[in-house]
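Residue numbers (numbering that gives the first Met the number 0): 0 to 262.
FYI, nobody ran anything at the bench for these hints, they're computed from the structure.
One or more of the hints may lead you astray.
Unchecked claim - The calculated lysine to any residue pairs, modelled on SDA-like cross-linking and capped at a C-alpha distance of 20 Å, are:
{"hint": "1", "residue 1": "K47", "residue 2": "S83"}
{"hint": "2", "residue 1": "K74", "residue 2": "N11"}
{"hint": "3", "residue 1": "K74", "residue 2": "E111"}
{"hint": "4", "residue 1": "K74", "residue 2": "G85"}
{"hint": "5", "residue 1": "K128", "residue 2": "I144"}
{"hint": "6", "residue 1": "K124", "residue 2": "E98"}
{"hint": "7", "residue 1": "K128", "residue 2": "R110"}
{"hint": "8", "residue 1": "K74", "residue 2": "R110"}
{"hint": "9", "residue 1": "K74", "residue 2": "T211"}
{"hint": "10", "residue 1": "K47", "residue 2": "T108"}
{"hint": "11", "residue 1": "K74", "residue 2": "G91"}
{"hint": "12", "residue 1": "K39", "residue 2": "F16"}
{"hint": "13", "residue 1": "K74", "residue 2": "V89"}
{"hint": "14", "residue 1": "K74", "residue 2": "M88"}
{"hint": "15", "residue 1": "K74", "residue 2": "I97"}
{"hint": "16", "residue 1": "K47", "residue 2": "R81"}
{"hint": "17", "residue 1": "K74", "residue 2": "L107"}
{"hint": "18", "residue 1": "K124", "residue 2": "S92"}
{"hint": "19", "residue 1": "K128", "residue 2": "L107"}
{"hint": "20", "residue 1": "K188", "residue 2": "S152"}
{"hint": "21", "residue 1": "K39", "residue 2": "S52"}
{"hint": "22", "residue 1": "K74", "residue 2": "P169"}
{"hint": "23", "residue 1": "K188", "residue 2": "G141"}
{"hint": "24", "residue 1": "K74", "residue 2": "E136"}
{"hint": "25", "residue 1": "K128", "residue 2": "S152"}
{"hint": "26", "residue 1": "K188", "residue 2": "E131"}
{"hint": "27", "residue 1": "K124", "residue 2": "E111"}
{"hint": "28", "residue 1": "K47", "residue 2": "N11"}
{"hint": "29", "residue 1": "K124", "residue 2": "I97"}
{"hint": "30", "residue 1": "K124", "residue 2": "D168"}
{"hint": "31", "residue 1": "K74", "residue 2": "S52"}
{"hint": "32", "residue 1": "K188", "residue 2": "D168"}
{"hint": "33", "residue 1": "K39", "residue 2": "R17"}
{"hint": "34", "residue 1": "K188", "residue 2": "Q212"}
{"hint": "35", "residue 1": "K124", "residue 2": "L107"}
{"hint": "36", "residue 1": "K74", "residue 2": "S244"}
{"hint": "37", "residue 1": "K47", "residue 2": "S92"}
{"hint": "38", "residue 1": "K47", "residue 2": "S244"}
{"hint": "39", "residue 1": "K47", "residue 2": "G66"}
{"hint": "40", "residue 1": "K188", "residue 2": "R130"}
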Amino acid sequence: MTDSPFVIRVENVTQRFRVVHERPDSVRELFAKLFRKKVKYHDFEAVKNASLSVRRGEVVGLIGLNGSGKSTLLKVIAGVYRPSEGRVMVTGSIAPLIELGAGMHPELTGRENIMLNGLLMGFSKQEMKEREERIIEFADLGDFIEAPIRQYSSGMYMRLAFAVATEVDPDILVMDEVLAVGDIEFQTKCFDRLRSFRESGKTILIVTHSMTQVAEICSRAVFMQRGRILADGLPDEVVDTYYRSASAGVHEPILVEAPSVHS
Numbered sequence: 000m001t002d003s004p005f006v007i008r009v010e011n012v013t014q015r016f017r018v019v020h021e022r023p024d025s026v027r028e029l030f031a032k033l034f035r036k037k038v039k040y041h042d043f044e045a046v047k048n049a050s051l052s053v054r055r056g057e058v059v060g061l062i063g064l065n066g067s068g069k070s071t072l073l074k075v076i077a078g079v080y081r082p083s084e085g086r087v088m089v090t091g092s093i094a095p096l097i098e099l100g101a102g103m104h105p106e107l108t109g110r111e112n113i114m115l116n117g118l119l120m121g122f123s124k125q126e127m128k129e130r131e132e133r134i135i136e137f138a139d140l141g142d143f144i145e146a147p148i149r150q151y152s153s154g155m156y157m158r159l160a161f162a163v164a165t166e167v168d169p170d171i172l173v174m175d176e177v178l179a180v181g182d183i184e185f186q187t188k189c190f191d192r193l194r195s196f197r198e199s200g201k202t203i204l205i206v207t208h209s210m211t212q213v214a215e216i217c218s219r220a221v222f223m224q225r226g227r228i229l230a231d232g233l234p235d236e237v238v239d240t241y242y243r244s245a246s247a248g249v250h251e252p253i254l255v256e257a258p259s260v261h262s
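Start from the sequences and build out the full structure, keeping to the hints where you can.
This is the structure in C-alpha cells:
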C-alpha cells in the first residue's frame, strides 16, 4: 500500500472515439466497407489532455454541460474505458454506479443480483450472505426483491444498485447522476449514507447537474467543458465559474480559475 495521499491520479488523459459518418444496412456491409477502406469517419476526443489528482477522503463533484466529457472521464477512472492517451492510477477498491442496470442480469431477481454483484466485486458467497439483509432493508423494494429486475423501474434499479455499492464498503465510490431518478425520501437516505462515507474517510466522485448536491456534499468541484478541465477547486467558486462560463457561452479555458485545493 502506497503512502501517497492520492488514491486517484489522472495524467494527461485523452479519450478518443471513432465516429462513423454513414450507417451500413447490415454487419456484412459494414465489414465489406471496412476491408475496402471506404467507411467515412472522424475521431472525436471526448476528454482532452485531462489531469486530476484526488486525495483519500475527498468528495469531488464533476460538473459541466451535457457533452462536456465528465461522464467519459468518470468511466476512464472506473476502468470502463482504457484511455487513448495518458494513464490512470487508482489505489484501493472502487464501486462504480455509472449506468442504471450495469452489472445486473435482467432475468435474475433482485436478491440473486445482490449475490452476482458481490461476486463480481470479489466478495465470497458467505460475505455477501452476511450483507444481504442490510442491502435489502436499505433498498426497501418489498416483494419486488424476489422479482426479475427486468420488471424494475429506473428508480428501483437505482435503489438496489446504490444499496449494493455502498454496503460492500469500497474505498472509492463513483456515481454518475444515479440519484436523479430517486424519490425525495430515498434521496435523503442516500445523502445520509454519502455523508457517513465522507465522515469515515471514503473517497467519492460524483457527476451531477445539481449544484445543490455539489454545495451540500462535495469538498471540491471540477468544471469540464468540451473535454477539458476548466476549473478545479472549492465548490462555491467552481460553481460560480461554471455559471459565468455557461451564461457567457465560453468554450475555451477561462483566465480566472477557482484556487486548487490539492498540490
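Hint check:
1. Distance hint between K47 and S83 is fulfilled; the C-alpha atoms sit about 10 Å from each other, no more than 20 Å.
2. The straight-line distance between the Cα atoms of K74 and N11 is roughly 15 Å, inside the 20 Å bound, and the hint therefore holds.
3. Distance check on the hinted pair: K74 and E111 sit about 26 Å apart at the alpha-carbon level, beyond 20 Å; violated.
4. At roughly 14 Å between alpha-carbon atoms, K74 and G85 fall within 20 Å of each other, so this suggested pair holds.
5. For the hint linking K128 to I144, the alpha-carbon distance of about 15 Å falls within 20 Å, and the restraint holds.
6. For the hint linking K124 to E98, the alpha-carbon distance of about 25 Å lies beyond 20 Å, and the restraint is violated.
7. With a C-alpha separation of about 10 Å, the suggested pair K128 and R110 falls inside the 20 Å cut-off, and the hint holds.
8. Note on K74 and R110: the hinted pairing is violated, with a Cα-Cα distance of about 26 Å set against a maximum of 20 Å.
9. The hinted pair formed by K74 and T211 fails the criterion: a straight-line CA distance of about 23 Å is larger than 20 Å.
10. A distance of roughly 40 Å separates the Cα atoms of K47 and T108; the hinted pair therefore is violated under the 20 Å criterion.
11. A C-alpha spacing of about 16 Å is found between K74 and G91, which places the hinted pair at or below 20 Å, so the restraint holds.
12. Between K39 and F16, the direct Cα distance comes to roughly 14 Å. Compliance with the 20 Å bound is thereby established for this hinted pair.
13. For the hint pairing K74 with V89, the CA-to-CA distance comes to about 13 Å; that is within 20 Å, so the pair holds.
14. Distance hint between K74 and M88 is fulfilled; the C-alpha atoms sit about 13 Å from each other, no more than 20 Å.
15. Among the hinted pairs, K74 with I97 is consistent with the structure: their alpha-carbon atoms are about 7 Å apart, no more than 20 Å.
16. This hinted pair checks out: K47 and R81 have alpha carbons roughly 14 Å apart, not beyond 20 Å.
17. For the hint pairing K74 with L107, the CA-to-CA distance comes to about 25 Å; that exceeds 20 Å, so the pair is violated.
18. Restraint check for K124 and S92: the C-alpha separation of about 18 Å stays at or below 20 Å, so the hint holds.
19. Restraint check: the Cα-Cα separation between K128 and L107 comes to about 17 Å, which is no more than 20 Å; the hinted pair holds.
20. About 19 Å separates the Cα atoms of K188 and S152, which keeps this hinted pair within 20 Å; it holds.
21. Simply put, K39 and S52 have alpha-carbon atoms about 37 Å apart, too far for the 20 Å limit, and the pair is violated.
22. Between K74 and P169 the CA atoms are separated by roughly 17 Å; this keeps the pair inside 20 Å, and the hint holds.
23. For the given pair, K188 sits about 16 Å from G141 by alpha-carbon distance, which is consistent with the 20 Å threshold.
24. Simply put, K74 and E136 have alpha-carbon atoms about 29 Å apart, too far for the 20 Å limit, and the pair is violated.
25. This hinted pair does not check out: K128 and S152 have alpha carbons roughly 25 Å apart, beyond 20 Å.
26. At roughly 18 Å between alpha-carbon atoms, K188 and E131 fall within 20 Å of each other, so this suggested pair holds.
27. For the proposed pair K124 and E111, the alpha carbon gap of about 11 Å is at most 20 Å, so the pair holds.
28. For the given pair, K47 sits about 8 Å from N11 by alpha-carbon distance, which is consistent with the 20 Å threshold.
29. Under the criterion of a C-alpha separation no larger than 20 Å, the hint pairing K124 with I97 is inconsistent with the structure, at around 24 Å.
30. Annotation: proposed proximity of K124 to D168 holds, straight-line Cα distance about 16 Å (limit 20 Å).
31. Straight-line distance between C-alpha atoms of K74 and S52 comes to about 16 Å, which keeps the hinted pair within the 20 Å bound.
32. Distance check on the hinted pair: K188 and D168 sit about 16 Å apart at the alpha-carbon level, within 20 Å; holds.
33. Restraint check for K39 and R17: satisfied, since their Cα atoms lie roughly 10 Å apart, inside the 20 Å limit.
34. Of the supplied pair hints, the one linking K188 and Q212 holds, its CA atoms being roughly 14 Å apart against a limit of 20 Å.
35. Proximity of K124 to L107 is assessed by CA-CA distance (about 16 Å); at most 20 Å being required, the pair is judged to hold.
36. Taking the CA atoms of K74 and S244, the gap is about 25 Å. The hint is violated against a cut of 20 Å.
37. The straight-line distance between the Cα atoms of K47 and S92 is roughly 26 Å, outside the 20 Å bound, and the hint therefore fails.
38. The hinted pair formed by K47 and S244 meets the criterion: a straight-line CA distance of about 18 Å does not exceed 20 Å.
39. As the CA atoms of K47 and G66 are separated by approximately 13 Å, the hinted pair is consistent with the 20 Å bound.
40. Of the supplied pair hints, the one linking K188 and R130 holds, its CA atoms being roughly 18 Å apart against a limit of 20 Å.
Of the numbered hints stated above, those contradicted by the structure are hints 3, 6, 8, 9, 10, 17, 21, 24, 25, 29, 36 and 37, listed in ascending order.
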